[in-house]
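Going by my numbering, the sequence shown opens with residue 396, and the numbers climb by one from there.
Bear in mind the hints are in silico, worked out from the structure with no lab data behind them.
For every residue, glycine included, the Cβ atom is placed at its ideal position computed from N, Cα and C.
Think about it this way: if two alpha-carbon atoms lie no more than 30 Å apart in a straight line, the pair counts; the simulated DSBU-like pairs of lysine-lysine are:
| hint | residue 1 | residue 2 |
| --- | --- | --- |
| 1 | K489 | K473 |
| 2 | K456 | K473 |
| 3 | K423 | K473 |
| 4 | K489 | K423 |
| 5 | K473 | K490 |
| 6 | K456 | K469 |
| 7 | K423 | K490 |
Computed beta-carbon distance windows for the label pairs:
| hint | residue 1 | residue 2 | range |
| --- | --- | --- | --- |
| 8 | Y452 | A512 | 14 to 22 Å |
| 9 | D458 | L409 | 22 to 30 Å |
| 10 | V442 | S492 | 23 to 31 Å |
| 11 | S425 | E461 | 43 to 51 Å |
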Amino acid sequence: MSFVFNILVVLHFLGLASLIGGFLVQIKTSPRVVNNAMFHGALTQLVTGILLVGLSYPLHKSDPEEYGLPDNAKIAVKLLFLLVIIGLILANRKKPSITTGVWAAIGGLAILNVIIAVFWS
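Given the sequences, and given the hints that come with them, work out the whole structure.
Encoded structure:
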């Protein structure tokens, strides 16, 4: 089961790279849009994140020293930010362009999620 967990971590990172990459490639472009990289990256983050939290409990039960329990408050905050990102993406996905504010909110919240993941211990 730890192999599956590690594969999910890799997929979670790829979803993150896709979401933030879709944001970063538009720094100097106009008009800005919600691209497929942002859409699929956010959904990948959601699915793999839920699966990672779900797998954490049986892994902890099998080997508590190797696998710690997730911090549910941290997960809740990260999930809230991701749901806002997904809401912004879904609301603006079909539009021919998005405002700089919407684009910055998507990217800013995604980067904030990384900061929370790294520094919240």
